[in-house]
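Here is how the chains run, residue by residue.
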Amino acid sequence: MVSLNDLRTPKTNTWCPGCGNFGILMAFKKALIETGIEREDAVMVSGIGCHGKIVNYVNINGFHGIHGRVLPTAQGIKLANPDLTVIGFAGDSDQYNEGWGHFAHAVRANVDMTLIVHDNMVLGLTTGQATPTSQQGFKSKSTPFGVIPPMLNPIAHALVSDATFVARGYSGDMFHLKNLIVEAIKHRGFAFIDVFQPCVSFNYLNTYAWFSKRVYKLEDENHDVTDHKKALKKALEWGDKIPIGIFYKKERPIYSDSLSQVKDENLTKLSKQNIDITSAMKEMM
Amino acid sequence: MIRNKISMLVGGEAGAGISRSGLLFAKSCLRGGLCVFGANDYQSLIRGGHNFYTVRACEEEIYSQADKTDLLIALNKETVLLHKNELVSGAGIIYDKEEFSINPEDVESKDVKLYHVPLRKIAKELTGPQIMENTVALGAATALLDYDLTILNEVLQDTFKEKVAQQNMEAAKRGFNYVKENYGDNFGYKLEKTKLAGSKRIFLTGNEAIGLGALNAGCKFYAAYPMTPATTILHFLAPLDREYKMVVIQTESEIAAINMVTGASYAGVRAMTATSGGGFSLMAEAIGMAGMTETSPVIVLVQRPGPSTGLPTYSSQTDIRFAIHVSQGEFPRIVIAPGDVHECFYSTVEAFNLAEKFQMPVIIISDKYLSESNATAEQFDQNRIGIDRGQLITEQEYRQEEEYMRHRITETGVSVRAIPGIRGAIVRTNADEHNELGYTTEDPVLTKKMNDKRFRKMDELIKEMENYETVKLYGPKNADVTIVGWGSTKGPIREAMKIINKNGKCVNFLQIVYLCPFPTNKIEEQLKSAKMTIAVENNKTSQLSGLIQENLLMTVDHKILKYDGRPFDPEALAKQIMEVL
Numbered sequence: 019m020v021s022l023n024d025l026r027t028p029k030t031n032t033w034c035p036g037c038g039n040f041g042i043l044m045a046f047k048k049a050l051i052e053t054g055i056e057r058e059d060a061v062m063v064s065g066i067g068c069h070g071k072i073v074n075y076v077n078i079n080g081f082h083g084i085h086g087r088v089l090p091t092a093q094g095i096k097l098a099n100p101d102l103t104v105i106g107f108a109g110d111s112d113q114y115n116e117g118w119g120h121f122a123h124a125v126r127a128n129v130d131m132t133l134i135v136h137d138n139m140v141l142g143l144t145t146g147q148a149t150p151t152s153q154q155g156f157k158s159k160s161t162p163f164g165v166i167p168p169m170l171n172p173i174a175h176a177l178v179s180d181a182t183f184v185a186r187g188y189s190g191d192m193f194h195l196k197n198l199i200v201e202a203i204k205h206r207g208f209a210f211i212d213v214f215q216p217c218v219s220f221n222y223l224n225t226y227a228w229f230s231k232r233v234y235k236l237e238d239e240n241h242d243v244t245d246h247k248k249a250l251k252k253a254l255e256w257g258d259k260i261p262i263g264i265f266y267k268k269e270r271p272i273y274s275d276s277l278s279q280v281k282d283e284n285l286t287k288l289s290k291q292n293i294d295i296t297s298a299m300k301e302m303m
Numbered sequence: 064m065i066r067n068k069i070s071m072l073v074g075g076e077a078g079a080g081i082s083r084s085g086l087l088f089a090k091s092c093l094r095g096g097l098c099v100f101g102a103n104d105y106q107s108l109i110r111g112g113h114n115f116y117t118v119r120a121c122e123e124e125i126y127s128q129a130d131k132t133d134l135l136i137a138l139n140k141e142t143v144l145l146h147k148n149e150l151v152s153g154a155g156i157i158y159d160k161e162e163f164s165i166n167p168e169d170v171e172s173k174d175v176k177l178y179h180v181p182l183r184k185i186a187k188e189l190t191g192p193q194i195m196e197n198t199v200a201l202g203a204a205t206a207l208l209d210y211d212l213t214i215l216n217e218v219l220q221d222t223f224k225e226k227v228a229q230q231n232m233e234a235a236k237r238g239f240n241y242v243k244e245n246y247g248d249n250f251g252y253k254l255e256k257t258k259l260a261g262s263k264r265i266f267l268t269g270n271e272a273i274g275l276g277a278l279n280a281g282c283k284f285y286a287a288y289p290m291t292p293a294t295t296i297l298h299f300l301a302p303l304d305r306e307y308k309m310v311v312i313q314t315e316s317e318i319a320a321i322n323m324v325t326g327a328s329y330a331g332v333r334a335m336t337a338t339s340g341g342g343f344s345l346m347a348e349a350i351g352m353a354g355m356t357e358t359s360p361v362i363v364l365v366q367r368p369g370p371s372t373g374l375p376t377y378s379s380q381t382d383i384r385f386a387i388h389v390s391q392g393e394f395p396r397i398v399i400a401p402g403d404v405h406e407c408f409y410s411t412v413e414a415f416n417l418a419e420k421f422q423m424p425v426i427i428i429s430d431k432y433l434s435e436s437n438a439t440a441e442q443f444d445q446n447r448i449g450i451d452r453g454q455l456i457t458e459q460e461y462r463q464e465e466e467y468m469r470h471r472i473t474e475t476g477v478s479v480r481a482i483p484g485i486r487g488a489i490v491r492t493n494a495d496e497h498n499e500l501g502y503t504t505e506d507p508v509l510t511k512k513m514n515d516k517r518f519r520k521m522d523e524l525i526k527e528m529e530n531y532e533t534v535k536l537y538g539p540k541n542a543d544v545t546i547v548g549w550g551s552t553k554g555p556i557r558e559a560m561k562i563i564n565k566n567g568k569c570v571n572f573l574q575i576v577y578l579c580p581f582p583t584n585k586i587e588e589q590l591k592s593a594k595m596t597i598a599v600e601n602n603k604t605s606q607l608s609g610l611i612q613e614n615l616l617m618t619v620d621h622k623i624l625k626y627d628g629r630p631f632d633p634e635a636l637a638k639q640i641m642e643v644l
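Those sequence lines, one after another, are chains A and B. Each residue of the first sequence is one higher than the one before, starting from 19 at the first, in the numbering used here. Each residue of the second sequence is one higher than the one before, starting from 64 at the first, in the numbering used here.
Errors might be hidden in some of the hints.
[Said to hold, decoys possible] No more than 30 Å apart at the CA atoms, straight line, and that leaves these computed lysine-lysine pairs for DSSO-like:
1) B/Lys511 x B/Lys568
2) A/Lys300 x B/Lys308
3) B/Lys263 x A/Lys281
[Unchecked claim] DEER-style ranges, computed between Cβ atoms:
4) B/Gln313 x A/Gly54: 29 to 39 Å
5) A/Glu239 x B/Gln391: 44 to 54 Å
6) A/Leu223 x B/Glu393: 40 to 50 Å
7) B/Gln391 x A/Lys157: 31 to 41 Å
8) A/Gly54 x B/Pro289: 39 to 49 Å
9) B/Asp620 x A/Pro28: 22 to 32 Å
10) B/Glu124 x A/Arg206: 50 to 60 Å
11) B/Tyr626 x A/Gln153: 16 to 26 Å
12) A/Asn292 x B/Met595: 42 to 52 Å
13) B/Gln391 x A/Thr32: 15 to 25 Å
14) A/Leu223 x B/Lys603: 46 to 56 Å
[Said to hold, decoys possible] Take a look, some chain B residues computed to stay more than 12 Å from chain A by CB distance:
15) Glu162
16) Val170
17) Asn216
18) Glu233
19) Asn245
20) Ser344
21) Pro370
22) Arg462
23) Ser478
24) Ala481
25) Gly484
26) Gly487
27) Lys512
Quick caveat, the hints were computed from the structure, so don't treat them as lab data. Ideal Cβ placement from N, Cα and C applies to all residues, glycine included.
With the sequences and hints as input, model every part of the structure.
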């Protein structure tokens, strides 16, 4: 069983003081401890952006990849070795801009992994431009007259793509977020958590105070997580009251359930030696 | 009478089963013990247009298609009009005069013999689908060539399900009998079984050979997005994935494919993807990631003419520079250019070994001509190249003396690899510059050290490459002229050499198999003593000459370049070479 101390790394944290990422980091570490997963059995994959640094701050297997490509990289790892617990970390621009094409397909494929999106509604590491989740009218360095299109709704998108686990967390409520991550890791299938994460340097609008005033927990309203219609309705809620918690959860075969070739043994354990290709040559005669 | 030497062309519109019938004929030649080459020419459309497949069969070894046709199976008039100039004196045309007529002036050579066979009528009588016209024509061709129909029947039986096979065999028989009854021994070409008949040789495309190589090398993960002419690797591997315990995925994009494959490789599995130029462009960033994270994906780049979408179903050799320089920054990689189906197979096995041994991406560069033409090969020796996974530690071997460092700085630059899951080892890697543990760093001293570490692998690789066939010399050591080339031009060049040497001239051919690291020393050794050098390439700018100039400070004397999307014709090439001589 790992302890907080085991998960510590020698890297100095370079997130801004007060960054919403700290809440996600701590929630994730506590979730790992609670699930009892050993450090060698988990892999975290991250993209590029402030969130991407998280691989430096947790002492488990890690792959800090490139911008927008967390999902395919993580899927490759998971399919190669289903014995590993794979957790992807992405930023909102990372996932919902450059990685958007992969999102719908990962949700559809239902590969058994978790995706946590650090959603601060702004590009932090490139010093404050708008992202797909920036609110309409949000003024930034790249949108000095305000963002023109409406914000993208990743929760609703996931729901209509037949996602099997859709949740939203808030890094200002670390305990609640920790519980979501535990549930997501335990879920058999693709588990998606969008996490509100205030950017204290560049998002003057969606601050801790802004979120704290608005977020409410779905479980406090006895939300039925098996009701897809209700989940969609909740996903469309935005304004003075914004729901967090699990929107929807269901069971559906995971991708590898249809792959008889990985049922008994993961691909890494299969021998690479003396593979007989005679039968594959038959049709060539 | 010409015995056991034929160049047959079957042409018609797309959707008429042209390449299938060409392949059936080719296989029946193969089984009779002939050496066969089959090339497929098709347009980027599914129905209509003009498709043709050429089969060249011969008793001696052959390496390419021929540019002359002895027997033409014309399933439409267009085929006659487009290919009439390729017909040799004494050639024959099988066609159906009830469908279209051939004017004597259409076939310029008076020696061309017309063989009308009521293809459609026979096909209709058999109530089979119209596509069986092909098979009737194959039967007719078999009779004209006085070849053994039972061989064709066996091929049909092995190709189709029983009921369809029976129909096809009947169609072939009717075509065969029609010719025997109406034309007798009229045609000047004959095919007969050779002593190699029944030997277990195979007939396959470059893409199939790469697929077989991947299977043999223990590749367990293949992810790709369809793109001509790389797609048939996906088609070849997908139905085999259960049997060979492999995951084969058609991804949402090439970007997804290369990232998945790199993820799988990090997880400890041999993994491959394939694409053509446009898809390779999309993969560029992730190939750099593989270089930085020292993972080992194998990437097949099947070239077609570009830029942009270019000619999607035709051939070119325009991406060497792209392959050896792909992605931003500097990092070592390997680029291998097989030139025939044997090399496609063995190079692929080598690619997986080198990728894991040196922990870097390996690119196999091929092209449409090589990837989709069929050639004869001996069954591949499955044990010729063993599996070498490099410094990979297993769970049993791992001794936890100190913290595991995925990117440990070593003398060779190669760090011992552990795969995630091994007790006590945390496997961390990073597309950002990183320290030995895989943590991000921006430290200038460490940045230089890690760069040096990665490039030391290249030094090691270059040393090891001394023992590899990075270049191959064909022909006599001392010749009047040395041809240099790479990739699929190998076939036409070797055919052209036969023609040239018959004309009393003496040429040799230096094939460059490894493009990166560039085998400078070995090339220099050969070219230093060459009296004259000619580069033969399917591109406009002679990219190989450029590399030779850059690496050897030596200018190639002449360049013979073809960039119309079509491979070199051996005879035309021989003529061009002799003009230079």
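The hints, checked one at a time:
Restraint check for B/Lys511 and B/Lys568: not satisfied, since their Cα atoms lie roughly 54 Å apart, outside the 30 Å limit. As the CA atoms of A/Lys300 and B/Lys308 are separated by approximately 18 Å, the hinted pair is consistent with the 30 Å bound. Between B/Lys263 and A/Lys281 the CA atoms are separated by roughly 35 Å; this puts the pair beyond 30 Å, and the hint is violated. Taken as a hint, the range 29 to 39 Å holds for the pair B/Gln313 and A/Gly54, whose Cβ atoms sit roughly 36 Å apart.
Checked against the given bound of 44 to 54 Å, the beta carbons of A/Glu239 and B/Gln391, roughly 50 Å apart, stay inside it. Distance hint for A/Leu223 and B/Glu393: a CB-CB separation of about 42 Å, consistent with the stated range 40 to 50 Å. The supplied range of 31 to 41 Å is met by B/Gln391 and A/Lys157, whose beta-carbon atoms lie about 32 Å from each other. Separated by about 43 Å at the C-beta atoms, A/Gly54 and B/Pro289 satisfy the suggested range of 39 to 49 Å.
Between B/Asp620 and A/Pro28 the beta carbons are some 60 Å apart, a value that contradicts the proposed interval 22 to 32 Å. Separation of B/Glu124 from A/Arg206 is about 57 Å and conforms to the stated range, judged on CB atoms against 50 to 60 Å. Roughly 53 Å separates the CB atoms of B/Tyr626 and A/Gln153, a value that falls outside the hinted 16 to 26 Å. Look at A/Asn292 against B/Met595: about 48 Å separates their beta carbons, and that is inside 42 to 52 Å.
Between B/Gln391 and A/Thr32 the Cβ separation comes to about 23 Å, which falls inside the hinted range of 15 to 25 Å. As the Cβ distance of A/Leu223 to B/Lys603 is approximately 55 Å, the hint placing it in 46 to 56 Å holds. With a minimum CB-CB distance of about 32 Å to chain A, B/Glu162 clears the 12 Å threshold, and the non-interface call stands. Remark: the non-interface label on B/Val170 is consistent with the geometry, its nearest Cβ contact in chain A lying 36 Å away (cut-off 12 Å).
No Cβ of chain A comes within 12 Å of the Cβ of B/Asn216; the nearest lies about 15 Å off, and the non-interface call holds. No beta-carbon of chain A comes within 12 Å of the beta-carbon of B/Glu233; the shortest separation is about 23 Å. For B/Asn245, the requirement that its beta carbon stay farther than 12 Å from each beta carbon of chain A is met, with the minimum near 33 Å. Against chain A, the non-interface label of B/Ser344 holds: every CB pair exceeds 12 Å, the least being about 15 Å.
With 12 Å as the threshold on Cβ separation, the claim that B/Pro370 sits away from chain A holds: the shortest Cβ distance comes to roughly 23 Å. With a least beta-carbon separation of about 15 Å from chain A, B/Arg462 lies farther than 12 Å from that chain, consistent with its non-interface assignment. Residue placement check: B/Ser478 keeps its beta carbon more than 12 Å from all beta carbons of chain A (closest about 15 Å). Against the 12 Å criterion, B/Ala481 falls within the reach of chain A, whose nearest CB is about 10 Å from its own CB.
In this structure B/Gly484 is not separated from chain A by more than 12 Å, as the shortest Cβ-Cβ distance comes to only about 6 Å. At the 12 Å boundary, the C-beta of B/Gly487 falls inside the reach of chain A, the nearest C-beta of that chain being 7 Å off. B/Lys512, annotated as away from the interface, keeps every beta carbon of chain A farther than 12 Å; the closest lies near 18 Å.
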